[in-house]
Structure formats: C-alpha cells, structure tokens
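Peer 1: Below are the chains, spelled out letter by letter.
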Amino acid sequence: MKVRPFEDVVAAHGATVLRVCRAVVGPVDAEDAWSETFLSALRAYPDLPADANIEAWLVTIAHRRALDVGRATSRRAIPVDTPPDRPSARADPAARYPDLWAALQRLPDKQRLAVAYHHIAGLPFAEIAALLGNSPDAARRAAADGLKSLRKLYPEDEIA
Amino acid sequence: MSTKLFDELHADDDTMARLHQRLEREAATDELLDVAYRTVDSPVGPLLLAATTVGLVRVAYDVEDHDAVLTKLASAVSPRVLRAPARLDDTARQLDEYFALRRTAFEVPVDLRLAEGFRRSVIEHLRDIGYGRRESYAEVAAAVGSPRAVRAVGTACAHNPLPVVIPCHRVVRSDGSTGQYVGGAAAKTALLDLEAVRE
Numbered sequence: 001m002k003v004r005p006f007e008d009v010v011a012a013h014g015a016t017v018l019r020v021c022r023a024v025v026g027p028v029d030a031e032d033a034w035s036e037t038f039l040s041a042l043r044a045y046p047d048l049p050a051d052a053n054i055e056a057w058l059v060t061i062a063h064r065r066a067l068d069v070g071r072a073t074s075r076r077a078i079p080v081d082t083p084p085d086r087p088s089a090r091a092d093p094a095a096r097y098p099d100l101w102a103a104l105q106r107l108p109d110k111q112r113l114a115v116a117y118h119h120i121a122g123l124p125f126a127e128i129a130a131l132l133g134n135s136p137d138a139a140r141r142a143a144a145d146g147l148k149s150l151r152k153l154y155p156e157d158e159i160a
Numbered sequence: 001m002s003t004k005l006f007d008e009l010h011a012d013d014d015t016m017a018r019l020h021q022r023l024e025r026e027a028a029t030d031e032l033l034d035v036a037y038r039t040v041d042s043p044v045g046p047l048l049l050a051a052t053t054v055g056l057v058r059v060a061y062d063v064e065d066h067d068a069v070l071t072k073l074a075s076a077v078s079p080r081v082l083r084a085p086a087r088l089d090d091t092a093r094q095l096d097e098y099f100a101l102r103r104t105a106f107e108v109p110v111d112l113r114l115a116e117g118f119r120r121s122v123i124e125h126l127r128d129i130g131y132g133r134r135e136s137y138a139e140v141a142a143a144v145g146s147p148r149a150v151r152a153v154g155t156a157c158a159h160n161p162l163p164v165v166i167p168c169h170r171v172v173r174s175d176g177s178t179g180q181y182v183g184g185a186a187a188k189t190a191l192l193d194l195e196a197v198r199e
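Chains as they are written, first to last, in our numbering: chain A, 1 to 160; chain B, 1 to 199.
Please note that a few of the clues may not be correct.
Sample of chain A residues facing chain B (criterion: CB under 10 Å; computed from the structure) [claimed, not checked]:
id, residue
1, A15
2, F38
3, L48
4, H119
I should point out that these hints are in silico values taken from the structure, not numbers from a laboratory.
Beta carbons are placed, not taken as given, at the ideal position from N, Cα and C, and that holds for glycine.
In isolation and in its complexed conformation, chain B is listed as follows (with noise of 0.2 Å):
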C-alpha cells in the first residue's frame, strides 16, 4: 500500500495463532467444523490426519501432497476445512503407540465416505486383517467375493484413504514380495518390519 503508517496495525505470529485457535474452538461448537485437519510426525514421514464429524476421514502420506489432498477434501466432503487439531488427538496419540510398538489396534470411529463400491468392500475387509498378518491380493478378492478381481483390490488398496490406520499395507504379493503401496514400497516394508518385531 501508500503508506508505512499502518504497519503499526499489523499482528504478530502469536496474535494470529490464537486468533486460529478461537476460530476452531467456535467453528466446532457452532457446528461449522466439516473437515479438521493435522499433520503428524511418524518414523514414515510426515503424515495428514483428517476428521469429519463422523470419524477419521483421511490419513495422507506426504508423497500424496498433503495440499492437494485437502484441496479434494474440500471438494469431495466440504470447503468448511481448518486446520484444527484437537479432534485428532485421540489418533495422533494412537498412531505414536502403534509406532512405539505399543499397539496392535486402532480405535477411532472412521468416516469411509471416499471408498465406495467395491473399493469400500476391500477396504472393510481389510480392517480385518491383523496385526502382523499378511494376505495376498488374490486371497483379498477372494474374501470379498470376487476371486478374479485382483487388479481391482490393488487399485482399492491405492485408493485406501485411510492407509496404516486400515492395513492395506498387510495386503502383498502371491510371491511373498511386498508389492506397491500408496505410501512408497519403502513406507511398506517399513510398517511390515515393526509389526514383525512383536512377533
């Protein structure tokens, strides 16, 4: 602008910080908090937790892009997106235990709304799958009753919005060999070497 004479009026990190946070706390209580998003450090990276509502919407590896993540959220659930993390704490701190080794399970309420189809039934049926315990794909299509459809439960698992917190990491080859993953081959073997370590 024209002029300096307003710098003055400009706000300091700590003024905005608290400001957001105000704005979360009465977004949620008038009910206009649609999406509410966190990033959390892992031993895979930085990770995205998002939450309707209605439970954990999305977890997002850092290769997906986390800004164009929320950009389809934002199209897909609601434009009503903040950066709030309160309603994540319950899963960061069980994401840190399952890291820690100290948790086989997740129990959080989980929003499936991005999987449909048969893409929801892979993926249901990959909350099945325990901890430490791998199925093949072809075995996958078969649970679900599609024993042909292998190449549909790769592409449902690559879709899974919801990755590590639903395994789909514990889906691999017939081979044995561990296959592609939305998290990169690395973050695979990752997640299936520390849930080895109980065993």
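Just chain A, with the same shape it has in the complex (with noise of 0.2 Å):
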C-alpha cells in the first residue's frame, strides 16, 4: 500500500484549510489556527487511516484548534461600523478581507462554521452535523441561513 508524504497533503490541502481558517477565526488568529492544525496534524498522520478523506480530517482538527485559539484569544473584534477603505483590487486578498470577516463575524457561530465547512471546504452536511453537535438538516439550514444573511451584510458585485 502507498502512503502519501505529509508534504503531498499540505501542498493539496494548505490553502483550502487557511481559508477555512480565516473564515472562522477572522484574520488575526487564522495563520495560528493553520499552523496548530498542520502541526496536530502532522502529529497524527501516521495513524490515519488509509482511507480516511483528508480534507475532513484536517477540518476536523481545525475545528478544534479553532475552539482553542478563539478561547485563547477571547475573540479579538474587529470594529464593524468603522471599515477601512478598500484597497485596490491588486493588493493582497488578505489586505482586503478584513471586511468579509466583519460581515462573517456578525453570523451566528452555527451559521459561520456550517458556512465555511460546506462552501469553503465542501463537507458533506453529515460530517458537519457531527462536528457542530447538531442534525445534518440544522447543519444544512445554518449554512443556508449563513449564506443568506451574509450576501445581505456583504452583497458580491462589492468585490469587483
């Protein structure tokens, strides 16, 4: 049986798990997030199972270093009423979404995660269900729910 270089997984994975990352601790704690959860991971891979879906796993541990680092930091806010001009569309996206992650931050904590683990991760709702404690059906709404609210709080033609 073939197993994959850790490197294999963090090349296919890394930015996929930085933006759920970003998406559910905002900007200042992401790159934290990442690096416990690579780390962690890296710690554990030797155990997983070889048909375990990697990119469930790694969220599954994001999830929990993400708890961690937002019990850490108590959530360090980003004032919402007073955004930064919007820098260039050239500059680096990172500059720029500290205005997403205000409108993210304004979901509920159900509704943020359901949205980033299905339409930023592409979970299916079961697994999500398991994570958030909660039914696939709730899991499913909160995301539905989540995607709503924030294309109200942060409309798309605004990114172009």
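Dock chain to chain to rebuild the complex, using the hints, since each chain is given by itself in its own frame.
Peer 2: What follows is the structure, given as structure tokens:
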C-alpha cells in the first residue's frame, strides 16, 4: 500500500484549510490556527487510516484548534462600524478580506462554521453536523441561512 | 464551490510559503520532522536529498523519479515527510564544493537504514574508495569477503541509497569500461571525468 508523504497533504490542502481558518477565526488568528492544525495533523498522520477523507480530517482538527485559539484570545473583535477604505483589487487579498470577516463575524457561530465547512471546505452536512453537534438538516439550514445573511451583509458585487 | 464570495479568503503564494516555513521549524522543534528533503541543481541534473534525524538517508537522481522516491521513503522510514531545506544545507554546500572541484570527501552524518545485509557491507566498503580511484566489481566482491558475488555487488551499487556521496560511481568493470549506474551511464562518466581533473 502506498503512503502519501505529508508534504503532499500540505500541498493539496494547505490553501483550503487557511481559507477555512480565515472564515472561522478571522485574520488575526487564522495563521496560528493553520499552524496548530498542520502540526497536530503531522503528529497524528502515521495513525490515519488509509481510506480516511483527508480534507474532512484536517477540517476536524482545524475546528478543534480554532475553538482553542478562540478561547485563548477571547475573540479580538474588529470594529464593524468603521471599515477601512477598500484597497485596490490588486492588493494582497488578505489585506482586503477584513471586510468579509466583519460580515462573517456577525453571523451566529453555527451559521459561520456551517458556511465555512460546507462552502469553503466542501464537507457533507453529515460531517458538519458531527462537528457542530446538531443534525444534518440543522447543519444544512445553518449553512443556507448563513449564506443568505452574508449576501445581505456583504453583497458580492462589491468585490469586483 | 457555489459562490465566489470567499475568493477573498484565498492566500497568496508568499503567505503559504511563510506558513510552510513556520511548519518546518515547529515540526523540527517538536521532533516530528522524521524525513526532511530538498532538491539541488547539479551538473548531473537535479538531485533529491533527504535526511532523518540520524543523517542523510537518500540521494536520488532525476531518472529515479523524485516523487516515487519520496513515496517509498514515506513507507520505509516515516510518512512524516516535509520539504524542509535547513537540515540539508550542509550537504547541499558540500555537493556544490564537490562539483566545483573544491572537495574530495563528504563529511556529513549518514543514515544507512535503507541498505541491509550484503548490500550494507558493499555500501560500507564503497565509502573507503578514495576520490579519483576506481575499483572493479570483482575487487569489491573480494574486499567484502564474497569474491564470487560480483553480480550481487552490481545490484548493491545499483541500490546505493546515497549515490555521489557514497561513491558507487567509482566501481567499474574489470575491462575498464564504466558499466551501469543508478543515475545513468552519462552521469557516471561525468563524475569519473570530474574526479580525473584533479589528478
């Protein structure tokens, strides 16, 4: 049986997991959450079953790490009512998304997590329900409601 | 996904590179970096270098397929394999010096766990064949106490986990022709020619 070098896992999933972290804990804590996620994953990797869904496994670890990071920093909020001027579209996306984070932050936790895990990581609702401690139907509703609210708070045409 | 809304969360290459470097450092600190690797350019093509915490465990030519070599290392040593150049800095520098004719012997810790039994004996002997010298497969067989195992010596050389650093290229045919090589006959000739320059 072939074993994938961990480097392949980082290369294949690193960017997606960072997007999930950015949506879940925001710009200040995302890189810490990413680093803790991949360090934990590296530690556990030799014991991962060969048929495991690696992206779901990483998101599960990121979910737990994000809760830890969130608890540790007690959510350093970014002011919502005084958004910075929007920089040019050519700037580093990371410099632009605080506005999006400001909108994400206004969603209830379960909606924000359901949106991130489904619309960014592509996890099925059954797996999201296991992470959120609710039912697949409730997870589906949370993702749908979250996305709807987000579109109101942050219309897509502003991105262009 | 269904929406472009989250495109803004996408990270640029610099950010991913910075996070990767942080992972390399933290993995080493937490003793989770079982296999570190990098590639270097050389006159005989790109070389893959891989090291455990013990020492250099693998050098591989391009023709060996670096991805396949890394996958084998993941099975044979540990799946905790990361592109982490720092551990290989010293080896890379010594290889540069070797190819620039400024070094005749490698002084790096080695991990010979990929060579076992008879092959290990052959590999150990190869380390004693000095720069610019040549031995025949028959002489190596005799030196390791199995004078009739000439063909097995050839196989052992072909499976040398550390070509260039452990000089299997210095083992040639009794008639003086260079013979086969893990990096291809042209690479073997190139190394022998390079080492002949100083003589």
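Peer 1: Can A15/A be said to touch chain B, with a Cβ gap under 10 Å?
Peer 2: Cβ of A15/A sits 6 Å from chain B, so the hint holds.
Peer 1: Do the numbers back the hint for L48/A, that is, is its least Cβ distance to chain B under 10 Å?
Peer 2: holds (8 Å)
Peer 1: Are H119/A and chain B close enough, Cβ to Cβ, to be under 10 Å, as the hint says?
Peer 2: Holds: closest Cβ of chain B sits about 5 Å from H119/A, inside 10 Å.
Peer 1: Hey, does the F38/A contact hint survive, CB to chain B under 10 Å?
Peer 2: holds (5 Å)
In this structure, none of the earlier numbered hints is contradicted; all agree with it.
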